[in-house]
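Enquirer: Each chain, letter by letter, is given below.
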Amino acid sequence: MIITLATDIGWEYAAEMKGVIYSINPRAKIVDVSHDIMPQNIMQGAFVIYSITPYFKKAIHIAVVDPGVGTERKAIAIKCKDTWFVGPDNGIFYPAAARLGIQKAYQLSVGKASPVFHGRDVFAPAAALLSLNKKPKWKEIGVDEIKKLDFGKAERRGSKVIARVLFIDRFGNIITNADLKAEEMEVKIKDRQKKIRRVKSYGYAEKGEIVAVESSGGFLEIAMREGNAASFFNAKEGDIIEIFF
Amino acid sequence: MIITLATDIGWEYAAEMKGVIYSINPRAKIVDVSHDIMPQNIMQGAFVIYSITPYFKKAIHIAVVDPGVGTERKAIAIKCKDTWFVGPDNGIFYPAAARLGIQKAYQLSVGKASPVFHGRDVFAPAAALLSLNKKPKWKEIGVDEIKKLDFGKAERRGSKVIARVLFIDRFGNIITNADLKAEEMEVKIKDRQKKIRRVKSYGYAEKGEIVAVESSGGFLEIAMREGNAASFFNAKEGDIIEIFF
Amino acid sequence: MIITLATDIGWEYAAEMKGVIYSINPRAKIVDVSHDIMPQNIMQGAFVIYSITPYFKKAIHIAVVDPGVGTERKAIAIKCKDTWFVGPDNGIFYPAAARLGIQKAYQLSVGKASPVFHGRDVFAPAAALLSLNKKPKWKEIGVDEIKKLDFGKAERRGSKVIARVLFIDRFGNIITNADLKAEEMEVKIKDRQKKIRRVKSYGYAEKGEIVAVESSGGFLEIAMREGNAASFFNAKEGDIIEIFF
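Protein chains in written order, with our numbering: chain A, 1 to 245; chain B, 1 to 245; chain C, 1 to 245.
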């Protein structure tokens, strides 16, 4: 059974989680999704988890982006058919889980866990038990009780779309929450504005040209060929992006 | 059998080690603990290995933080009940191994290894053989012959503790070698000083507040909520930290 | 069967590829070679793949350094005895494959793949099928049709060698395409020049001394003990390096 890890805690702490998982289920298959999600950036974590889930038929996804660790925020497990999500109740799973259809939700018992590292002491053992078809210590809660979070909808006003930057990848490509299909558009982020065209893929742009493409996840993406569009626009995740078309 | 890798060599060189391990034992389970330990920082490597070992029931831990590679420093294997350590004899395993109880020590034969990469040519094959319950080319040496290293003890002088920075994690949290339980304290690193309180977990601090928590490894940790305590104090691993309580 | 991944796409996108691979072959063994190859740096990717292949007896190597994704550049699979290469036809596999001896080459069908992410939609499923001894949708092409790329040969002119920087590792060690065995040499990169001696390994240099060693891959390597030779010379991959001996 596959257990994925999407965390902001770095590789060293994540290794402690892996030790816990393998001690309970030596046959688990662990996938490191990321250990350098921007510290405490729940929205970025939610986007990453939303992006990867379609490609795992059956998996247990652990997230550790957890500013509320050790407080009264719940530790939860969410069941969606063949997929489990295990982590903090801060909305990080919501977009991915809502798309799959949430069937059940559980509050995990925290017991004597370190109040600064539930990833290791609560989520990892719970996921390992689930991977063995065993039940962690939990109680069922209502599906409506889990914390919600969404990426927002890009808003259309006449020939303008007001969207949001969901994710900036390591190329500096800007993934937005818009799904505009226009062939030409003017993009504005903060005080920089640029007229761009849509192309099928990066290779159809000129070197240094900024273009729109359809991202691999189906969103409108702004990219600079062999350059960094996010640097050009000084764009950050969460920024408003205005698109005139 | 689990083989963990804690190195400062980067992912690309580590992949060569994985090829060697899988060629000898295709069923090995490799855990990447870290490949970006600070170059040549044996103390950081020792702290990382010390931190993870309690969570692996049975494993072979390889370390490659090895400024003395190719010189007369020994290549060693250390046995502690169900745990093996394989790597350079520079003290990197000592805190973890001493805690577990060292049973045997061996000097590995170096043979025709590349003098710049024993990780690939000596440690990886030795660990892979051990994972198959086979013996590498080695000779037993005295347990007292292996190089020692310790984190030092925080020193208490009246209402002052003189401690040391053991590790700075990716949040900028400062893990120290103190285990002070005071509720209030004044912390001084270099020329910055700050009065802080102890909280159970980060989430109980105000945004930007610096607090003391018990680290997930049981040490006194100085953290800034949604900020970077290490940047605030300009703290580096190895720094002296004075705590007045 | 081992499937390695050498990419410039970052961990998050790579996780989508892993989901695809495990969905097709749950028993695949995935090795993360690197996910932070310098964006679009085909030469760096080629060097990394060339360096690791000798240590994998039998493997399928996927590369995703793919500035031409979605254009008319071919997606290919190359067979070399027990080794497969699967990725873009941009030369990234050529040095490794030519050394092993290329037996067959195939053009992969792209079908309805996302034009911005063939790694996930073309290479990952093709590699997963090959790991099950199944055939992806492809057509055989001539071995001579695949794109070539080489590291160049260091050129000898009397007592001077004109070489090239192939790779800079995370220590700042400069790996060149020369194989000079001289005991003393003068090294010039751009406008910095330095007389250095050859040592067997880093530990035989003085702290801060720049020396020549034989790299773990058999090339001439310029290193600074406990320092960064690449910073000293302001060296970049691809730079010309002149060596007077």
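Accuracy of the hints is not assured; some may be wrong.
Same chains, same label: a pair holds when it works inside one copy or across any pair of copies.
[What the hints assert, rightly or not] Taking lysine-lysine and the DSS-like style, the derived pairs with C-alpha atoms no more than 30 Å apart in a straight line are:
| id | residue 1 | residue 2 |
| --- | --- | --- |
| 1 | K134 | K153 |
| 2 | K58 | K188 |
| 3 | K153 | K190 |
| 4 | K112 | K207 |
| 5 | K153 | K112 |
| 6 | K147 | K81 |
| 7 | K160 | K81 |
| 8 | K57 | K190 |
| 9 | K236 | K139 |
| 10 | K29 | K58 |
| 11 | K135 | K29 |
| 12 | K57 | K74 |
| 13 | K57 | K207 |
| 14 | K188 | K134 |
| 15 | K153 | K181 |
| 16 | K207 | K236 |
| 17 | K200 | K74 |
| 18 | K79 | K181 |
| 19 | K112 | K57 |
| 20 | K207 | K147 |
| 21 | K29 | K134 |
| 22 | K134 | K57 |
| 23 | K195 | K79 |
Worth flagging that the hints you see were computed from the coordinates, not collected in a lab. Quick caveat, the model's predicted, so the values are computed rather than measured.
Enquirer: Give a verdict on every hint.
Expert: The hints, checked one at a time:
no., hint, result
1, K134 with K153, "neither (38 Å within a copy, 42 Å between copies)"
2, K58 with K188, "neither (40 Å within a copy, 50 Å between copies)"
3, K153 with K190, "within (19 Å within a copy, 49 Å between copies)"
4, K112 with K207, "between (56 Å within a copy, 26 Å between copies)"
5, K153 with K112, "between (41 Å within a copy, 27 Å between copies)"
6, K147 with K81, "within (19 Å within a copy, 45 Å between copies)"
7, K160 with K81, "neither (39 Å within a copy, 56 Å between copies)"
8, K57 with K190, "neither (40 Å within a copy, 52 Å between copies)"
9, K236 with K139, "neither (39 Å within a copy, 44 Å between copies)"
10, K29 with K58, "both (12 Å within a copy, 17 Å between copies)"
11, K135 with K29, "both (19 Å within a copy, 25 Å between copies)"
12, K57 with K74, "both (27 Å within a copy, 29 Å between copies)"
13, K57 with K207, "neither (38 Å within a copy, 39 Å between copies)"
14, K188 with K134, "neither (51 Å within a copy, 48 Å between copies)"
15, K153 with K181, "within (15 Å within a copy, 48 Å between copies)"
16, K207 with K236, "both (23 Å within a copy, 21 Å between copies)"
17, K200 with K74, "between (44 Å within a copy, 16 Å between copies)"
18, K79 with K181, "neither (35 Å within a copy, 40 Å between copies)"
19, K112 with K57, "between (33 Å within a copy, 20 Å between copies)"
20, K207 with K147, "between (44 Å within a copy, 21 Å between copies)"
21, K29 with K134, "both (17 Å within a copy, 23 Å between copies)"
22, K134 with K57, "both (20 Å within a copy, 20 Å between copies)"
23, K195 with K79, "neither (44 Å within a copy, 45 Å between copies)"
Checked against the numbered hints given earlier, the structure breaks hints 1, 2, 7, 8, 9, 13, 14, 18 and 23 and satisfies all the rest.
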